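*Asks:* So the sequence shown is numbered by numbering that gives the first Met the number 0: it starts at 0 and just counts up by one.
Hints are computed from structural coordinates only; laboratory data are not their basis. Since this is a predicted model, take the numbers as computed values, not measurements. Here a beta-carbon is modelled for each residue, glycine too, at the ideal position from N, C-alpha and C. Errors might be hidden in some of the hints.
Estimated spans, in silico, between C-beta atoms of each pair [stated by the list, open to error]: (1) 1 / 129: 44 to 50 Å; (2) 160 / 97: 35 to 41 Å; (3) 254 / 215: 24 to 30 Å; (4) 253 / 217: 32 to 38 Å; (5) 157 / 206: 22 to 28 Å; (6) 155 / 97: 32 to 38 Å.
Using 16 Å as the maximum straight-line C-alpha spacing, the simulated EDC-like pairs for lysine to aspartate or glutamate come out as follows [said to hold, decoys possible]: (7) 188 / 129; (8) 212 / 97; (9) 212 / 122.
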Amino acid sequence: MGPFTSLVIEDRSGIVSIALNRPDRRNAFDRRMVTELCEAFTTLAGDQTLRAVILSGTGSAFCGGADLRWMSPDQPLSQGEAREDAERLVRMYRAIDECPCPVIGRIHGSAFGGGVGLVAVCDVAVAAQDTVFALSEVRLGLIPAVIAPFLLRKSGESFVRRYALTGESFPASVANQYGLVHDVIEPDKLQTRIDELADAALRVAPQAARETKALLHRLLTRADDDGWEACAAANATARLSHEAREGLQAFFSKRSPAWSREGDK
Numbered sequence: 000m001g002p003f004t005s006l007v008i009e010d011r012s013g014i015v016s017i018a019l020n021r022p023d024r025r026n027a028f029d030r031r032m033v034t035e036l037c038e039a040f041t042t043l044a045g046d047q048t049l050r051a052v053i054l055s056g057t058g059s060a061f062c063g064g065a066d067l068r069w070m071s072p073d074q075p076l077s078q079g080e081a082r083e084d085a086e087r088l089v090r091m092y093r094a095i096d097e098c099p100c101p102v103i104g105r106i107h108g109s110a111f112g113g114g115v116g117l118v119a120v121c122d123v124a125v126a127a128q129d130t131v132f133a134l135s136e137v138r139l140g141l142i143p144a145v146i147a148p149f150l151l152r153k154s155g156e157s158f159v160r161r162y163a164l165t166g167e168s169f170p171a172s173v174a175n176q177y178g179l180v181h182d183v184i185e186p187d188k189l190q191t192r193i194d195e196l197a198d199a200a201l202r203v204a205p206q207a208a209r210e211t212k213a214l215l216h217r218l219l220t221r222a223d224d225d226g227w228e229a230c231a232a233a234n235a236t237a238r239l240s241h242e243a244r245e246g247l248q249a250f251f252s253k254r255s256p257a258w259s260r261e262g263d264k
């Protein structure tokens, strides 16, 4: 497995820690990170000694979602290339979601866009009290197509409608209210709680835990192959839309997009 340039991986006797490692970009993922995460979790799926994975981020944030430089409209992209990127994202999220052993999310700082999707595919997620979340895609003319199935399953339709349609940020307490995260912890006690959960994973019967997760996955997974195809297609189409071009150009120009009416009170 590896070597990787955008991940830091440590193996501690059955507990593997994977840290997103682009702190200068708030751990926003680009094509390389997406590929590396998919490879890491696909490889770990075959490790019978694995008891749990801890997913975290280095620096000041958990994950800022997709790197907008990767998404920039200044980089020419065909419909086919956009579709390939979207399908790559689907594979990444599914590789994490389908990891045979528990995935524990250590969430701090901020989780935006696709970063919220990473939280949603963690089996157990613990957030620092001061963490800020946002499904910010619609503010940029994009849509949370690839992560929508995971969010609906984890936090429900009411939550997704509320925050995916407004793009508003929300605190860790709201993430906890809707089941996106399970524990909200004082920042200086976050690592202690993560260590406790890792210890708990080492105390359960490993095969029973794997079979339990596999059973839950069969019972709870609703998106069939056609559903994933639709998600990838919607993601690619939105990425190449006029609204996405305007939203991203506005972001890079530090101005409001043309559709914004923030001043109309």
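*Asks:* Within 24 to 30 Å: is that where the Cβ-Cβ distance between residue 254 and residue 215 falls?
*Replies:* violated (46 Å)
*Asks:* Compare the distance between the alpha carbons of residue 212 and residue 97 with 16 Å, and conclude whether the hinted pair is satisfied.
*Replies:* Within the cut-off at roughly 9 Å; holds.
*Asks:* Mind checking the hinted window 22 to 28 Å against the Cβ distance between residue 157 and residue 206?
*Replies:* The hinted range 22 to 28 Å is violated for residue 157 and residue 206, with Cβ atoms some 36 Å apart.
*Asks:* Is 44 to 50 Å right for how far apart the beta carbons of residue 1 and residue 129 are?
*Replies:* Violated - the Cβ-Cβ distance for residue 1 and residue 129, about 32 Å, lies outside 44 to 50 Å.
*Asks:* Can the suggested window of 35 to 41 Å be confirmed for the beta-carbon pair residue 160 and residue 97?
*Replies:* violated (26 Å)
*Asks:* Is it true that the CA of residue 188 sits at most 16 Å from the CA of residue 129?
*Replies:* Between residue 188 and residue 129 the Cα gap is close to 12 Å, so the pair holds against 16 Å.
*Asks:* Are residue 253 and residue 217 spaced within 32 to 38 Å by their CB atoms?
*Replies:* Cβ of residue 253 to Cβ of residue 217: about 47 Å, so the range 32 to 38 Å is violated.
*Asks:* If I claimed the Cβ atoms of residue 155 and residue 97 lie 32 to 38 Å apart, would that claim hold in this structure?
*Replies:* Violated - the Cβ-Cβ distance for residue 155 and residue 97, about 21 Å, lies outside 32 to 38 Å.
*Asks:* Quickly compare the C-alpha distance for residue 212 and residue 122 to 16 Å and report which way the hint goes.
*Replies:* Satisfied, since the Cα-Cα distance of roughly 9 Å is no more than 16 Å.
The structure shown violates the earlier hints numbered 1, 2, 3, 4, 5 and 6.
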